[in-house]
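Visitor: Sequence:
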Amino acid sequence: MDYEPSDILLVEDEAAHAELTKRAIRKAGNANQIHIVPDGEEAFDYLYNRGKYEDKAKYPMPGLILLDIKLPGIDGVEVLIKIKEDPLLKRIPVIMLTTSEREEDVLRAYEHYANSYLTKPVGFKEFEEKIMQIDFYWMILNKPPILKE
1 MDYEPSDILL VEDEAAHAEL TKRAIRKAGN ANQIHIVPDG EEAFDYLYNR
51 GKYEDKAKYP MPGLILLDIK LPGIDGVEVL IKIKEDPLLK RIPVIMLTTS
101 EREEDVLRAY EHYANSYLTK PVGFKEFEEK IMQIDFYWMI LNKPPILKE
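Count the sequence shown with the UniProt record's numbering and you get residues 1 to 149, in order.
If you're looking for bench data, these hints aren't it; they were derived computationally from the structure. Careful: at least some of the hints might be erroneous.
Distance condition first, Cα-Cα at most 20 Å in a straight line; then the derived EDC-like pairs of lysine to aspartate or glutamate [stated by the list, open to error]:
(1) Lys22 x Glu128
(2) Lys82 x Glu128
(3) Lys70 x Glu41
(4) Lys90 x Asp39
Generate the whole structure from the sequences, applying the supplied hints.
Guide: This is the structure we're talking about:
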């Protein structure tokens, strides 16, 4: 399995949030590439190198997944469940990055082995700072798992 520990897969259906997240990660400067997909189905296409993502060199296994809960079609927790049930994917850290502060969403995410649950701040500056902290911790401080096929 091709694995790039400093690549990030962002699963986000709102284009504005995706762009702000991408900009903040780029500003932090620790990720090689940020791959953005708009929903759960496309996340699985990316992770399993299906369809337009079949080129493993161009779409390597990410070292971190940022996952929104509220997605069209397959919701973020369902995506999380499938990732954490798959022996090839379960070691990839998954951060739920969402606007939902509902306690049941937080509990459901952790029940299914989310590595972290973070809410998106409303203000741009706070949002950018939170994303930069995520980037610093997961790309610099954290020791990533070794993924094997």
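Visitor: Evaluate each hint against the coordinates.
Guide: Each hint tested on the structure:
{"no.": "1", "hint": "Lys22 x Glu128", "in the structure": "10 Å, holds"}
{"no.": "2", "hint": "Lys82 x Glu128", "in the structure": "29 Å, violated"}
{"no.": "3", "hint": "Lys70 x Glu41", "in the structure": "13 Å, holds"}
{"no.": "4", "hint": "Lys90 x Asp39", "in the structure": "19 Å, holds"}
Hint 2 from the earlier list is the only one contradicted by this structure; the remaining hints agree with it.
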